[in-house]
Each structure stands twice: as C-alpha cells, then as structure tokens.
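Chains as they are written, first to last, in numbering that gives the first Met the number 0: chain A, 0 to 169; chain G, 0 to 334; chain H, 0 to 316.
Computed cross-link-like contacts, EDC-like style, restricted to lysine to aspartate or glutamate with a CA-CA straight-line distance of at most 20 angstroms:
1. G:K209 to H:D260
2. A:K123 to G:D76
3. A:K123 to G:E242
4. G:K177 to A:D147
5. A:K123 to A:D137
I should point out that these hints are in silico values taken from the structure, not numbers from a laboratory.
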Amino acid sequence: MSLTPRPGTLHLIVAEAGDGLASALALLDTAGDGFRAAARLLHTGEAPAGPAVTVSMPDEAALVRSLTPALARARMGTRLYLAGGAGFVARLTALALDHGFDHGMIETDVRSHGTRRVQCVHCKHVIEDVTGTVVTCDHCGLRLGVRDLYSRRLQAHLGVCILDRPAVAS
Amino acid sequence: MSFAFSTGTFRDDYGFRNSAEGIARFPFPFTEERYMYSVNVEPHVPGPKGSAFEHPFDIDEHYLAEMAERDLVLRRDPLRCQSMPHMIQAEWDLVELVMTALARDYPQWFHLARRGDDWHWTNRPMAIDQRFTFGDAASLPCPPLEYIGRQVQGDFTLLDQREDNLWLDAGILTSQGKWSLDFDLGMNFIEWHAPVPLAHGLGVFERALKFLLALRLDGPVRRLNWSICVNPRLDTSLESYPEWGPEHFAVTPETVGHMLQLRVELQSLYRLPRSNAVAFSIRCYLISLDELRTNPAWAARFAAVLRDLHPDLLRYKALAPYRDMIIDRLTRDLT
Amino acid sequence: MTGAIPVRIGSIVQEAPLVKRFRLEPLDGRLPDFSGGAHVVVTMLDGARGRRNAYSLVNPPGDPDRYEIAVRRVADGRGGSIFLHDRVRVGDILTVTPPANLFPLDWRARRHLLIAGGIGITPFVAMTAQLAALGAAFELHYAMRSPLAGAFADRLQQLHGDAVHLYAGSHGERLPIARLIADQLLGTHLYVCGPARLIDEVRATAHAAGWPDAHVHAERFDSARPGAPFTARLARSGRRIAIETDESLLEALEREGVAIDSLCRGGACGRCVTSVAACDGTIEHADHYLSAADKASGRLILPCVSRVRGDGLVLDL
Chain A
0 MSLTPRPGTL HLIVAEAGDG LASALALLDT AGDGFRAAAR LLHTGEAPAG PAVTVSMPDE
60 AALVRSLTPA LARARMGTRL YLAGGAGFVA RLTALALDHG FDHGMIETDV RSHGTRRVQC
120 VHCKHVIEDV TGTVVTCDHC GLRLGVRDLY SRRLQAHLGV CILDRPAVAS
Chain G
0 MSFAFSTGTF RDDYGFRNSA EGIARFPFPF TEERYMYSVN VEPHVPGPKG SAFEHPFDID
60 EHYLAEMAER DLVLRRDPLR CQSMPHMIQA EWDLVELVMT ALARDYPQWF HLARRGDDWH
120 WTNRPMAIDQ RFTFGDAASL PCPPLEYIGR QVQGDFTLLD QREDNLWLDA GILTSQGKWS
180 LDFDLGMNFI EWHAPVPLAH GLGVFERALK FLLALRLDGP VRRLNWSICV NPRLDTSLES
240 YPEWGPEHFA VTPETVGHML QLRVELQSLY RLPRSNAVAF SIRCYLISLD ELRTNPAWAA
300 RFAAVLRDLH PDLLRYKALA PYRDMIIDRL TRDLT
Chain H
0 MTGAIPVRIG SIVQEAPLVK RFRLEPLDGR LPDFSGGAHV VVTMLDGARG RRNAYSLVNP
60 PGDPDRYEIA VRRVADGRGG SIFLHDRVRV GDILTVTPPA NLFPLDWRAR RHLLIAGGIG
120 ITPFVAMTAQ LAALGAAFEL HYAMRSPLAG AFADRLQQLH GDAVHLYAGS HGERLPIARL
180 IADQLLGTHL YVCGPARLID EVRATAHAAG WPDAHVHAER FDSARPGAPF TARLARSGRR
240 IAIETDESLL EALEREGVAI DSLCRGGACG RCVTSVAACD GTIEHADHYL SAADKASGRL
300 ILPCVSRVRG DGLVLDL
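Let the sequences and hints guide you as you build the complete structure.
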C-alpha cells in the first residue's frame, strides 16, 4: 500500500534502505511544495541521488537515536510515514506509539515480499519473515498454522499450533 | 433455590457433572429445527423463576468450582486478564454493575453497603469481606476488573465506544471458545469477528454493531451462542490448545455420550454509565450428550439441527468429525 | 415510553438573561449515573401538545441525586424552550429519558481541549466536572456574546481556575482557534459545541493542520425549525397526518401514536431515520446525518428536523 500525503503541520518520513526508501521518495515526488516544505525524511542506507534533502543513518539503531527527540517533541498535527520491511515498520510503529502517536497519525508501506510476522499464540514470541502458512516457532518449537487474522497492536498474524492425529486411534 | 455448590473439575479428571436441577435449567438454545446466524438479541429482562435467565448475572451450583478454575487459569497465564489504562473507569462501572446485581438477587450469599465512595462488600460462599474506596484501585487487592471477575461466573470483555465502533480494550477470559484475548486486544468489532464465516456476506455484523452502539443504560440485551466441546473443558482458549486439542482424538461412539458436551454461551451486554463503554458477559453452560438425552425433546431437536446444518457452520463449529456419532447417540432408543 | 423517569422541578435559576437552569429531582429512588456529555430527552405536556427536546446534563456525574439542564429561550422555535421558561413552575412533574451519550470523552486522550460557543457550554459543564474529578488534563475555551450572557462562566472559572479561558464578543475577544489548534500536546482530543459556524471552522482548521478526524469531536445543538404545514400519508396503514407549523414531523407522528425510535432529536444521530415510499413534493433535509447520495435519492428522511414542501409525502410506516 503506497504512501499518500495527508494534511499536516509536520511530516516525518522514516524509511528503510531499499524498497522503503524508494517508497518514501515516491511520496515526496508526488506531493506538493507545501508538503515537501513541512517534510523531513530520515532513512537507513546511503543518501539517494536527486534533489530530495534527506538524513541518512548507517543503521536502524542510529536512525532510532536520531528520530526519538523528534517524536518526543511532536505536537498534534504531526504525521508519520513509515516504509520498509514488516519488522522495521513494526518496531518503528511501537516506538511512535510509545511517544503518544496513535494509528490514525501513522501511514505505513510494508514491503515484505510476501512474508509475514507471526505471533505464536502459545508462548507470545513473534517470528519474523514467515513465508507460507506453516512455521515452527523458534522459541517454543511448536509447529504453527498461520491464520489470516491480523493484530494491528502486535503487528503480526496469528499462529496456532497444528496437532497431529495420533498414529493409532485409541 | 437450595442446593450444594458442586465440586466438579474442568480439566484432568473432568469431574464436572450437572445435577438433575442443573439439567432442567440448562439454557437449551434451539427453538426451531434449523439453525442459522442472526443477530437474535432480545431484551435481557428477568426470565422464569429458577431459570438461567431469572437474574442478569446467574449464579448456579457450579459457582465455586468455576471460581477455582478461573483462579487456576489466571495463575498459570496472567495475560488472560488485561485492561488498557483508559478502561479503568469502565472497570469500576463493571464492579458497581455486578456487585449491586448480586447483592440484590442473591442476598443469602452477597451483601453490599455503600456510603458515598466507602463500600463494604461481602461474598459468603468465597469468604470474602472487603472494605474499599470506590474509584481507588489501591484499596482493592487487585485491579477492579480482575477483582470482580474472580467472583462472578462468566468471562467479560469491556468495549470502548468511539469512532462509531466498539473496541475490545479490556477483558477477563478464562473460558473462551477458541480465541485469544491477548491477540484480539485492541481490535474493533468488525476486526475481531473476521474469522466467523457466512455472517459477513449477510451484513450481520454491521447490523449488530449499529444495534450495540445504540445500547441504552436501561436496556441490556442477551443472546445465546452454541458450540460443541470435548470434555467439560471450560478453558478452550487458543493459548491452551495443546492441552485440550488432543482430547478430540479420543472421541468414539463409545465415549461420545459422556465426552461430548453441548456448550451454550449466554451472552449479555450492558451500557456502562460513567465510561459509556459496553460490558459483554459470556457465560458458559455445559451439558453432556448423555445428560441431554434425559430430555427426549431436546435430544430430538438437537439431532434435527445437526442434520440440517449448513456445511460452513459445520466446519466452523468443528462438528464434522462428530456429527454422525452425535446424532446416533441422541436418537438411539428414541422413537 | 420505556424507561421514562418522572421528575419534579426542584428549582429554577436564571443563569444568564436567556438561560434558565432547571433542577430535576427523582420522585423515588436513585437516578441512573451518566458520563459527561450525556443528555436526557424531556417530555413536556402543554395542554394537548407534547413536546420532546434533548438537553445536556450540566450537573457533575457520579451518584447524582438530581439532573440539571440549562435551557436557552428561543423566541422563534417550536415553543419547547418558551414552555419551559414561561410556563413551568417549581413542583411541576415532567418525564425524562435515561441519559444517553452521543458526545462522550475519549478516555485515551492525554489532554482534552474543549471549545464552546454560547449555549454550547452546557455539555462541558458536566465534562469538566468529570475530568477534574479524575485529575485529567484539560482546558476550556468559552466564547460568549458578553460577560453577562455567558451562563456558567463564573462558576467554571471558580471551579477550574486557569484551565478556563473566556472570550466576550462584546469586548472584541475572539476564540484564537488557529493558535489553539496549532500547538497541542500529542494525544490531545478536541471537543467543540456551539453554533454550526463555529463547529465548521474548528473542524476545518483541525483537519487542515493534520489532526486525525478521530481526535475531533463535535456536538451540534440543532433542533427542528418551524416551517410551513404539510401532510403525510403512512403507506402501511393508509392514515393521513397533518404536520403543524410549530411541530416537527417526528412530533406529529408521536402525537398520532406512531412509535419511532429517536435519540438526539436534532438531526445528528440518525436513530429516527425513516424510509420514504414516495414523495411528490420536495424533501427539505435539515439533518447532518444522511449522506449527500441518501438525501438526493429521496428515499430516506430524518423526521426530527426535516420537512417536506408540498403534500405528497408517503412514509413507509
């Protein structure tokens, strides 16, 4: 789901290198001058070529350190746009929610190449980059079926253990 | 009504049994030979004396057994009771709702004296004598939702009303049917009903939501939901599925009579005054097929419903593996 | 009417030149508690005429021993406020519905910004009491025509001190809407009640500044305006009813014993929405609930505020 510009007083755009950054640049490209004047783009990876003014960070940890004061200072009217892999978007969403943002202020573009984050409902561990509909929980070892039910709060799909029928019926 | 509180268990040896009186007052849900989803709510007004509907919150012979089971589940998995910070007012609203109802309807067991915010609550069956300040969570031994949830039968969710929707922002769930509070916490009405088949196409949930958004203070409502359950296992949460799931494989024509339970949820919904939230009570009743057979009319009706059930519903209620076994057991020896 | 609560007028206090506060006491038992922003619908019997108007509760919630409403006298309305101001006496009995809340506080808010214009102050009187009792952060900005005209202004300032900001139009003081909206703590919710003009301006300013719509709450105080009389036919019973100048279509239906569910009585909540079987005349939609498409279709009407020009209205009742 590509990013669309919203009305706002300040637009914080945070992107992961690669597809995420491309999505963020596309947003800036299609938005108007007023939007661009009120926008700040912060991302991992190298600064892109082209006219856009961006702040590039070597890795996610540095990005978070740089972003946190801006989140802490943000007033009503601030909009947040996140673009990158599912894990990146989930971690940054959680950071923003901790600073008083809610989902209505956050736009996301998750570039996950068909993978999903899955919460093991039994041990509560979240498994990243799951392809397909079956996965083994890398915390408790249960074999899980991945369901379509999605939690915005946990930013993950539901994983419920698959039981095997016993070899000999009792 | 006079009876002894039962000492049944809902796991391990599954000692749970209904007395003859328990069977007689079971809220049998099938009024017709066919069953299909509908909103099917009715006003939650006092029903026949002695019935499960007589009082808004029904305390029956299994009260102490269920409270012990709830305590066990919460000790093993504290995430079964959660409340987002903004729901604290709704928690207090629920404390008032339940305490005033129980004290009014079962004065032999419960007593409430209130002077301003100084409340004195007595629960004789559980030997609880508690003075506290209404609105001050520090004056209770645990958060208000958990406190009252540990003293009344049935799971509860508290739904915050905003943005023309209801949000599952608090709950105490130790006897739910195949869902997870921790996973669903924070979802809205449409989101958490996503797994239910058929109903979405019919717009059932949109209509139900509209109806509930208009719920009035003086107009609680109720409806019945049903499913089947293997063994009288109350805790059929997703979290504990590895514990109860395998038991399904032990159902055979020989065991189906005592293992298979008809599980009826009496769901009731209340508008709360201070928070404007909606309290949702989900009260489970269990009856085994053999206990059900003692009422031939019920046995015949349940068999007829199962014969005719839509395949999608059959699948959703996980009935397909057992349907023939159940019908056979219900209709055997019946003319 | 289900749930109707009989109440006695305990006192009538002039709060401002055009505003009276009525204290409503239960005849027996306790009154249901409510949340700030809630209203009750008051049924008034004026001879053979029944009127029903919604009024915000202004007393503090929390184990109420009475309900208090504040009514602004409207000279050119349907007459409900005139009835209350001019005809009702201490000791009279009225009935009210149990409280319902279409303008609730959002408990997730880290801060509450309340903006009132004129009689729009009434829901905020109870809301500020509830917020203060909970220790929640809020500020109230109240625009009144003049210091004298501002009902509850003194009391609110006494109770809540610096949290209350007053603006008297007669002194050239204006609500600094843009400034207020531009600089608020993240997580603030904004509530506005007053004239349509004020609500529209606050909404538009907040939206343009980037506030999510879910953070902006408004209550309109519309009620049915009088209009030319017209008639309507009920398709299922065949009955014909005549709607007088100073009654709404909803009131006319109620007078004729036709039960229609209603809640806000002001064209905002949609509870009374009724299907139109046919209409030769023109439906004059005065509500804020139906979509433009619904209004254009001519198949729905909100009888609490809307009227029809001409006599061809057939309702699916």
